[in-house]
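Residue numbers (numbering that gives the first Met the number 0), protein chains in the order written: chain A, 0 to 213; chain B, 0 to 260.
Simulated from the structure, these hints should not be mistaken for lab results.
Treat each hint with caution, since some may be false.
Residues of chain A clear of chain B, computed beta-carbon distances all greater than 12 Å [what the hints assert, rightly or not]:
1. Gln70
2. Val79
3. Leu118
4. Val127
5. Gln131
6. Ser139
7. Pro195
8. Met207
Partner residues aside, some chain B positions facing chain A, computed with beta carbon under 7 Å [to be verified]:
9. Asn62
10. Leu64
11. Arg94
12. Ser95
13. Met99
14. Phe107
15. His109
16. Ser111
17. Lys114
18. Leu124
19. Ala240
20. Ser243
The beta-carbon is built from N, C-alpha and C at its ideal position, and this holds for glycine as well.
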Amino acid sequence: MDAFSAVLQGLPMTLLLTVSAFVIGIVGAVPLAVGLSSPNAVLRLVCRLFVDLVRGVPIIVWLFLLKFGIQIGTFKFNPVGAAIVGLGVVSIAYLAEIYRGGLESVPRGQNEAADALGLARSTTFYRVLVPQAFRIVSPSIATYLTGLLKDSSIASTIIVAEMVFQSQSFARQHPTVEGILPYVLVGILYIVLSLPVAYLSRSLDARMRKAVYA
Amino acid sequence: MTLSEIANGKLAPRTGIKLENISKSYGNHVVIDDVSLDVEPGTVTALIGPSGAGKSTFLRCINLLERPDSGTIRVAGHTIEPGKVINAKDLAALRSTVGMVFQSFNLFPHMSALKNISFPQQKVLGRSKEEADERALQLLERVGLKDKANQHPGRCSGGQQQRIAIARALALDPSIMLFDEPTSALDPEVGLEVLAVMRELADDGMTMIVVTHEMQFARDVSDTLVVMADCKIIEQGDPKAIMSDPQEARTRRFLRAVLER
Chain A
0 MDAFSAVLQG
10 LPMTLLLTVS
20 AFVIGIVGAV
30 PLAVGLSSPN
40 AVLRLVCRLF
50 VDLVRGVPII
60 VWLFLLKFGI
70 QIGTFKFNPV
80 GAAIVGLGVV
90 SIAYLAEIYR
100 GGLESVPRGQ
110 NEAADALGLA
120 RSTTFYRVLV
130 PQAFRIVSPS
140 IATYLTGLLK
150 DSSIASTIIV
160 AEMVFQSQSF
170 ARQHPTVEGI
180 LPYVLVGILY
190 IVLSLPVAYL
200 SRSLDARMRK
210 AVYA
Chain B
0 MTLSEIANGK
10 LAPRTGIKLE
20 NISKSYGNHV
30 VIDDVSLDVE
40 PGTVTALIGP
50 SGAGKSTFLR
60 CINLLERPDS
70 GTIRVAGHTI
80 EPGKVINAKD
90 LAALRSTVGM
100 VFQSFNLFPH
110 MSALKNISFP
120 QQKVLGRSKE
130 EADERALQLL
140 ERVGLKDKAN
150 QHPGRCSGGQ
160 QQRIAIARAL
170 ALDPSIMLFD
180 EPTSALDPEV
190 GLEVLAVMRE
200 LADDGMTMIV
210 VTHEMQFARD
220 VSDTLVVMAD
230 CKIIEQGDPK
240 AIMSDPQEAR
250 TRRFLRAVLE
260 R
């Protein structure tokens, strides 16, 4: 087998990890972001501690803890499960912080106008604040997604057969100059994969700008 | 049809509002010191005074955007005591009786002019989209901006945005309108379009409370002039009488500063 086919074998797993963790993060970060800016001090503190704890520990440590540190009855994480849960929880923490920043940068007058009109809290949140916050944070979310794509390679350390793992096994079997080839190829593949995300983010941003100011 | 007829379908029930002993402070810093104000139905009250007097805060206390520490608000059969727990029904009644226009317009930038006016009607009054859109178009036409219906606020001038904001508030059939320095962020010339709409609204008999630095508007349009300074009302009464013969030294000093500029 040549180096390129070896690396490509890991592509579906890389995509699975990235997309699953991203979806978990995008959805799970919403309640956490609300908690981070809650008027309830206890709730705010709990959410803040969660975010700082998750972000304060390297992803590789979380993956090892999930893979080898958790046994409830007969339940143990398999490598892929541990990687998805680990990357997903980390994504929740990072994206919640991004959301919170976005919500806080919506001018205060928007909230006041909605209050004065008598709109319900949830209507104000979902129809007035979130659409404006989303516009503000969409570039940051895209940046996070490209970062997550690359961070999914950490799953190779707990024996998840994604692209970097496949590169390593190929290299191990070809201890010559050829052994460096899969690493070059995998590097190029990561770049190629992140291009559409950056492109999509830019065109989405431009379209939203046009929608608002046209 | 007049502005408020369009807003209400028929003439609004005229409502006044009574504010009794309103006080508000931030920590040790007093901003409103035991202020009472009785606004008769269908009248225009102009609230003037030096900056820092507490005019805007007082206005924002009326619809509870600021929560007074104590006092009583009586409006449309509801008695609200902001120092105590306010039940949701009273708050909803207050907010639906009282409309507000802000200095910085505060239109929703991600919605077209039409949707800015239509969306709150659907959410707050439960009107159908068709009905709300129709009402919004009528009001836009009345403030001279029908051609802006599908534009987003970012594409409208300040004066146009403020007129859209007035239409948005009117669409919810308020019986009382609060204006918080509605022309202060506008060029003098552009401010005139907004003042013209407000004048028309006053002629229709809308109950209005206007915080303003527009002395001519205060003199010509308002029924009652209220002068605030140092967190209190220091003088109130007929606008022409106060402007020509203020009783308080502080009023005299303020009026001289604004009128002789």
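*Decide, holds or violated, for the assertion that all CB atoms of chain B are farther than 12 Å from the CB of Leu118 of chain A.*
violated, 6 Å
*Against chain A, run the beta carbon of Arg94 of chain B and see if the smallest gap drops under 7 Å.*
holds, 4 Å
*Closer than 7 Å between Cβ atoms is the bar; does Leu64 of chain B clear it against chain A? Give me holds or violated.*
holds, 6 Å
*Is the interface hint for Met99 of chain B satisfied, with its Cβ closer than 7 Å to some Cβ of chain A?*
Since the shortest Cβ distance to chain A is 4 Å, the answer is holds.
*Checking the smallest CB distance to chain B, is Gln70 of chain A really beyond 12 Å?*
Nearest chain B Cβ is 49 Å from Gln70 of chain A, so the label holds.
_Interface hint for Phe107 of chain B, Cβ within 7 Å of any Cβ on chain A_ = holds, 6 Å
*Taking the closest Cβ pair, is Leu124 of chain B under 7 Å from chain A?*
violated, 9 Å
_Ser111 of chain B as chain A interface residue, shortest Cβ-Cβ below 7 Å_ = violated, 10 Å
_Non-interface label on Gln131 of chain A, tested against every C-beta of chain B at 12 Å_ = At roughly 6 Å from the nearest Cβ of chain B, Gln131 of chain A sits no farther out than 12 Å, so the non-interface label is violated.
*Is the shortest C-beta separation between Ser95 of chain B and chain A less than 7 Å?*
holds, 5 Å
*With a cut-off of 7 Å, does the beta carbon of His109 of chain B approach a beta carbon of chain A closely enough for the hint to hold?*
holds, 5 Å
*Please confirm whether Ser139 of chain A is truly not at the interface, meaning its C-beta sits more than 12 Å away from all C-beta atoms of chain B.*
holds, 18 Å
Checked against the numbered hints listed earlier, the structure breaks hints 3, 4, 5, 8, 16, 17, 18, 19, 20; every other hint is satisfied.
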